[in-house]
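Peer 1: Given next are the chains, with one letter for each unit.
Number of protein chains: 2
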Amino acid sequence: MSALNQCRLFAHLSAEDAEDRIAEVPHRHRSFAEGEIIAFKGDAYEELFILLKGTLSAEISDIRGRVLKVETLKAPTMVAAGIVFAERSILPVRLTATEPGTLLILPRSSLIDLAQRDSRILMGLLQDSGNRIRFLADKLRFVQMNSLEEKIAIYFTEQAEFQGRPVIELPYSIEALSELFGVTRPALSRSIGRLVDDGVLERRGRAFRIVDAEELRGRTGD
Amino acid sequence: MSALNQCRLFAHLSAEDAEDRIAEVPHRHRSFAEGEIIAFKGDAYEELFILLKGTLSAEISDIRGRVLKVETLKAPTMVAAGIVFAERSILPVRLTATEPGTLLILPRSSLIDLAQRDSRILMGLLQDSGNRIRFLADKLRFVQMNSLEEKIAIYFTEQAEFQGRPVIELPYSIEALSELFGVTRPALSRSIGRLVDDGVLERRGRAFRIVDAEELRGRTGD
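These protein sequence lines are chains G and X, in that order. Just so it is clear: in the first sequence, position 190 is 376 by the numbering used here, and no numbers are missing. Just so it is clear: in the second sequence, position 26 is 212 by the numbering used here, and no numbers are missing.
If you are wondering where the hints come from, they were derived from the structure by calculation, not from laboratory data. As the structure is a prediction and not an experimental result, all values here were calculated from the model. Just so you know, not all the hints are guaranteed correct.
[Said to hold, decoys possible] Examples of chain X residues lying across from chain G (beta carbon under 7 Å, computed):
no., residue
1, G268
2, F271
3, I276
4, D304
5, S305
6, G316
7, R320
8, S333
9, F348
We put the beta carbon where it would ideally sit given N, CA and C, even for glycine.
Bound conformation, chain G alone:
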């Protein structure tokens, strides 16, 4: 079982404090087996699921019934926290367990209580939503671009601009970045590798230096 404070909601608390806070409000646990369907698309989602252990697959089926995986959720994480507070709290995906595990379930009223009692929990809740909005808005922009090289060129150019220097620290892991771009992780690694081989980027540990900004911009196509 992972420590509770590895989950963003409790990121600003110690694991002990997080457990103490939860003990003060109504909550419950639910164990599940591999292959179990945890919730259906269209279910009311008015209680937050916190995945403490195990792995869930978030799936949709298209209009012809084909199942498409949207996202893999690994513990510890909150499941669709934004939806709990949306005006129509309806789960937009089906949740299927791909590994056995445990959920901590917090009713909406318990979340409100926790956030009011402890500003660190409030901050965790708002940060999680903020990060999610930022990620989705960025993803929406990248999904409309044509090539992976264009996505990389625009992302790295913008990061250099925001960070105010040509050596940039990627704020996401390569895995998260590949999800942002809507490509596989190996495809992203290959494409970045090609830019390094071509002398456009230089790798410096987890950071990158833009060697040839002009050439990088030239990779954006059209």
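Please arrange chain X on chain G, whose structure you already have, making use of the hints.
Peer 2: Below, chain X without anything else, positioned relative to chain G:
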């Protein structure tokens, strides 16, 4: 000047209560003229702008410097509320005034204070983020579909499924729905009109009845 409680943050309060709450925390007002640039893309965004009066255009420029409008913001509304709490609070758009107006500016710490003092404000803040996440996640799905007819067919079919009956109330206005689908409002109206003319949908005031679900599904292409 619009009443404060028309803004989602204060939606659960009376206008008087909202003004009283704000008076209790640090805040300021800022007036702006038409054409004024309110904030640049890449600016730190750690204070919430609430647009009380006027209209802003949220714009990005592409890698070649061409300006693209992302969204029109009309008072009363919060500006990019999610970003204030994201871990990297950087404004992803430039804000330009297209009509003169006024902003109410609330530092992040004032927002936290307000949310802790009054659970109705906390609920407004969380609902706003939840609605935004839902909208962006839906938009991300629709932007990857090919035709407008496919988007309409899938949206209406899903709504009938969620609402559990063939007569559906659209949860969005036609304007919001056209933004969700990434098309113009007239194009959306025309396309819905065609489905009504073809006897696939029947209009009932603000609601629609799905007359021919089979034919509607058939419009999804491939």
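Peer 1: Could you check if X:G316 really has its C-beta closer than 7 Å to a C-beta on chain G?
Peer 2: 3 Å, holds
Peer 1: Quick check on X:S333 please, does its C-beta sit within 7 Å of some C-beta on chain G?
Peer 2: 13 Å, violated
Peer 1: Closer than 7 Å between Cβ atoms is the bar; does X:D304 clear it against chain G? Give me holds or violated.
Peer 2: With Cβ-Cβ at 9 Å, over 7 Å, it is violated.
Peer 1: Tell me if X:I276 is really an interface residue toward chain G, meaning its C-beta lies closer than 7 Å to one of theirs.
Peer 2: Where the cut-off is 7 Å and the nearest Cβ of chain G is about 6 Å from X:I276, the hint holds.
Peer 1: Measuring from the C-beta of X:S305 to each C-beta in chain G, is the shortest one below 7 Å?
Peer 2: 6 Å, holds
Peer 1: For the hint on X:G268, just tell me whether its beta-carbon gets within less than 7 Å of chain G.
Peer 2: 3 Å, holds
Peer 1: Measuring from the C-beta of X:F271 to each C-beta in chain G, is the shortest one below 7 Å?
Peer 2: 4 Å, holds
Peer 1: Hey, does the X:F348 contact hint survive, CB to chain G under 7 Å?
Peer 2: 5 Å, holds
Peer 1: Would the hint on X:R320 be counted as holding, given a Cβ-Cβ threshold of 7 Å to chain G?
Peer 2: 5 Å, holds
Hint check: violations occur at hints 4, 8; the rest are consistent with the structure.
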